[in-house]
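Quick mapping for you: the protein sequence lines, in order, are chains A and B. Be aware that the first sequence starts at 99, since it is given in our numbering, and climbs by one per residue. Be aware that the second sequence starts at 99, since it is given in our numbering, and climbs by one per residue.
No lab work stands behind these hints: they were computed from the structure. There's no promise every hint is true.
[Said to hold, decoys possible] No more than 35 Å apart at the CA atoms, straight line, and that leaves these computed lysine-lysine pairs for DSBU-like:
(1) B:300 - A:280
(2) A:300 - B:280
(3) A:286 - B:280
(4) A:150 - A:206
(5) A:109 - A:280
(6) B:109 - A:300
(7) B:109 - A:150
(8) A:300 - B:206
(9) A:150 - A:286
(10) B:300 - A:150
(11) A:109 - B:286
(12) A:150 - A:109
(13) A:286 - B:300
Protein chains: 2
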Amino acid sequence: MTEDIRIIEVKQSVFADNDADAEELRRQLQEEGTVLLNMMASPGAGKTTLLKKLAKEFEGVLRFAVMEADIDSDVDARAMREAGVDSIQIHTGGMCHLDADMTRQGLKELNSAAYDLVILENVGNLVCPAEFDTGAAANITVLSVPEGDDKPLKYPLMYETCQLLVVNKTDVLPYFDFDCEKLCEYAKRRNPEIEILFASAKTGEGIPEIAEWIRNRFF
Amino acid sequence: MTEDIRIIEVKQSVFADNDADAEELRRQLQEEGTVLLNMMASPGAGKTTLLKKLAKEFEGVLRFAVMEADIDSDVDARAMREAGVDSIQIHTGGMCHLDADMTRQGLKELNSAAYDLVILENVGNLVCPAEFDTGAAANITVLSVPEGDDKPLKYPLMYETCQLLVVNKTDVLPYFDFDCEKLCEYAKRRNPEIEILFASAKTGEGIPEIAEWIRNRFF
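Full structure from sequences and hints, please.
In structure tokens form, the structure reads like this:
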């Protein structure tokens with residue numbers, strides 16, 4: 099019934115200057131009229147469920163697709179397909195992040211020009227993806243409540259390079275020692291400009307506000 | 099009251115062949131009579147709390163110390179110090195993993211010969227740390243329930259290189275869709291030899307079994 103999951107094995111970039119290449123990709127996407135956002139988080143922070151819920155918010159409003167980057171498996175692209183979301187699975191060949199050229203390979207396979215908004219779900223990792231500009235218009239990081247409120251202290255670059263922090267899994271706040279005020283203080287210490295939204299992808303709480311943030315900023 | 103946290107900024111390795119260097123470190127540690135274990139996990143999986151609880155199990159039995167590797171902050175070493183556990187904080191200078199030489203620098207600063215057992219808490223990351231042999235006698239990976247049961251599908255190398263998988267935060271199993279049987283099946287698919295123990299560092303459940311696994315295997 100469902101067509102096969104599209105999996106693309108991207109090759110490591112040949113570009114020495116990823117920053118310049120990312121600028122070039124950003125310019126191309128602007129010309130094409132496609133907004134690309136780069137979503138980063140730890141493994142298991144709930145990015146995929148969040149994207150499934152966001153897709154519902156964009157139905158009939160924006161042509162939306164997702165690029166799922168993983169080292170292996172097609173678990174995430176399959177979840178997207180089951181939710182009726184256009185998606186592609188990118189395999190990084192063991193690489194811990196995507197750079198601009200790997201992102202470009204994925205966009206080409208996806209046919210990004212057919213979409214208003216593409217969100218790249220980067221490899222689950224709080225370190226390396228933050229070091230590589232993918233050419234996205236903005237970076238979003240997701241932190242889930244069970245991970246703890248101290249993550250901005252330990253992974254500074256992730257917070258410095260993101261415009262939006264989504265605190266996910268707020269439905270389990272009662273079961274964890276997680277101090278929302280402390281989290282905000284630590285995140286703002288790393289990046290005073292970062293905006294912070296709270297959500298539960300499981301219950302749907304806070305999802306419309308994330309969609310609104312994206313629409314207000316880019317459409 | 100407490101002495102200052104010892105923080106060491108390790109330098110990137112000059113050794114081209116990390117595997118050979120790791121073998122050399124393993125030989126040195128064997129001579130010295132110190133068992134080094136390398137604990138790896140996603141950010142927020144609960145490694146630090148687990149190590150604090152394990153330390154209690156080793157009190158009066160083994161001379162035990164911890165090396166906390168992070169990109170920034172001294173949150174973990176401070177937690178160890180407050181729990182009365184000998185520890186050192188290693189800053190990786192932005193690096194996403196430790197190699198054998200960085201581990202050696204930490205062991206020297208810690209004065210590892212004074213301990214029977216040293217556990218290295220590697221940088222929170224399911225990708226890169228698995229690629230670098232630290233010279234440890236064994237690798238342990240921790241997966242927390244909120245991260246989901248599909249992680250072995252997405253991060254194959256982590257499971258292939260570990261001898262023990264600790265499934266942590268079992269106290270929140272009722273609040274998450276986490277299938278323990280599936281998790282075991284996926285982990286064994288990556289590594290048929292991997293041993294799996296379930297624990298809650300918060301409640302203490304399963305901690306004696308982890309200590310026993312370590313004692314039986316190395317002492």
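Hint by hint, here is what the structure shows:
no., hint, in the structure
1, B:300 - A:280, "21 Å, holds"
2, A:300 - B:280, "21 Å, holds"
3, A:286 - B:280, "39 Å, violated"
4, A:150 - A:206, "22 Å, holds"
5, A:109 - A:280, "40 Å, violated"
6, B:109 - A:300, "42 Å, violated"
7, B:109 - A:150, "42 Å, violated"
8, A:300 - B:206, "47 Å, violated"
9, A:150 - A:286, "28 Å, holds"
10, B:300 - A:150, "32 Å, holds"
11, A:109 - B:286, "29 Å, holds"
12, A:150 - A:109, "27 Å, holds"
13, A:286 - B:300, "29 Å, holds"
Hint compliance for this structure: hints 3, 5, 6, 7, 8 are broken, all remaining hints hold.
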